[in-house]
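Asks: One letter stands for each residue in the lines below.
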Amino acid sequence: MDNLLHQIDSNVLSFILILFSVLSFASVLFFVWGKLKPEANLIELKTRCKSWWIMSTIFLIATVFSAKISYVAFALLSFVALRELFTILKLRQEDRSAMLLCYLAIPIQYFFTYQGYLIASLVFIPVFMFVALPFRLVLVGQTEGIIQSMAVIPATLMIALFGLSHLGLLLSIPGGRELLFFLVFIVEMNDVFQFVWGKLLGKHKILPKVSPNKTWEGFIGGVLTTTALGFALKFLTPCTTSQIIIISFLTANAGFIGDVIISSVKRDLHLKDTSTAIPGHGGVLDRIDSLVVAAPVFFHLVYFFTK
Amino acid sequence: MRQLFLNILYKGIVPFILKPLTGVKYKHAEVLSEAKQFIIIANHNSHIDTLALMSAIPKHKIVEVKPVAAGDYFGTTKWKSFITVLFTNALLIPRCCSLRNKSKDPFRIMMKALKRGNSLIVYPEGSRGKANEMQEFKNGIGHILLKYPHIAYIPTYIENTGKVLPKDAIVPIPFNCKVVFGDLQYCKGKNAKEVVTNMYHEVCQLKAA
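First to last, the sequence lines map onto chains X and S.
The first sequence finishes on residue 895 if you use the numbering used here, and the numbering steps up by one all the way, no holes.
The second sequence finishes on residue 214 if you use the numbering used here, and the numbering steps up by one all the way, no holes.
It should be emphasised that the hints constitute simulated quantities derived from the structure, not laboratory data.
Yeah, the Cβ is synthetic: ideal placement off N, Cα and C, and Gly gets one too.
Hints may be right or wrong, so weigh each one.
Here are some, though not all, of the chain X residues that point toward chain S, as calculated from beta-carbon distances under 7 Å [stated by the list, open to error]:
#1 Arg-671
#2 Thr-675
#3 Arg-684
#4 Met-687
#5 Ile-866
#6 His-869
Bound-form chain X, shown alone (with noise of 0.2 Å):
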């Protein structure tokens, strides 16, 4: 027990409380207006609150307690993210050697990332496997279609493996536990922010051929309202007040790309979510579309700026 109160000091503290007050800040309010308002259709919203009360419990146990479950937790989290990429791309039955080396790739980088390697971590996937699956396809022999699948496998591996693998390359510098609940936070409220401003205002469409419900007005207003909270958050990181102003800034837009990017992926295969697996987000990636693209943005900006 002292163990475990030494482990957590008071900027972790204030973060878990101030979590857990958002999420009953959210709970409270979606009851108290089905009460006013029974008309209202709050299944959806209250499904999703739900979830996210899970998610954020299942991140703090494998965030809080010791860095070593946090980065199965993570590596866990890009298998599944892998796994569903894997499931709706159409890829050739010859893939599946490539496919393979992909799941392989998980523990080489998360152990790179676990040693605090910075470099192998950096290259390990753009550098060699760029050039592992393509030879992988080419040993198979099947070239029918072969560059499609030279171009659409490491790019899987980039989203689901590379992005998600900067969570654990923050846990290797120091103070990196803060810096990853600062990260994971604003990328999270990012994306509820938009939601509410684009409810709220939302009147001029931004990407009408994409996601025909993103507004500019929730795109902006998100993007300030972000940039604002990592203002406020700043205590869980080492950086000065304009450092972290830019450093919010820059991310809530890497989230919104990595948000339209997935989302484009998804039209293009005539999907609406990337699966089941969380009751009212949809699939595993359409949650964490935005923090693939967010982590090495913000990475490499506190590594920047700290350095």
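Got chain X sorted already, so can you dock chain S onto it with the hints?
Replies: Using the frame of chain X, we list chain S on its own:
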């Protein structure tokens, strides 16, 4: 004893392997508790199919459920058939019928099991096809249902297992899989061909849903 063994296997050990490989999601699995005796009619793409279906069967029924398997494939040696029956509770039937030898008549073997009160898992395609492509259903099950019209069957569609472990593959690769159960159905049609055609369409409907 047998029940305990199968439950430990299919509620404990198999899901441990099945979950990461397939992340299998069952839809409308309640239907399995609705009838005492049933025949599950499913499409067939992989050995995973039987594992996924057996894991979905309610605990107290698992001994009663027998996947019908090809004796000429799983029963080529005594050792092979012993292992198959031990671990999957299978009912081995020869696919090429020798109607003269009564003990080897596939219809007799299946009807005997139904008379004993067993439920069956039947893959009317006869063998594993390509992933997510359905082959034509064979007529055999139609003949049996015409003789036992009071036994319900459950059309079932299994998705993506053929990608996890296709026919010629040795190493399984993870994909998300889905098992969709339909409502209880009873034999419809005048002859075996009609019964089986109806069945085929019911499974296709689940695929589209």
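Asks: Confirm or reject each hint.
Replies: Evaluated hints:
1. Arg-671: Holds, because the Cβ-Cβ distance from X:Arg-671 to chain S comes to roughly 5 Å (cut-off 7 Å).
2. Thr-675: Since chain S brings a Cβ to about 4 Å from X:Thr-675, closer than 7 Å, the hint holds.
3. Arg-684: At 5 Å from the nearest chain S Cβ, X:Arg-684 passes the 7 Å test, so the hint holds.
4. Met-687: holds (5 Å)
5. Ile-866: With a minimum Cβ separation of about 12 Å from chain S (threshold 7 Å), the hint on X:Ile-866 is violated.
6. His-869: Result: violated, 15 Å to nearest chain S Cβ.
Taken one by one, the earlier hints fail for this structure at numbers 5, 6, listed in ascending order.
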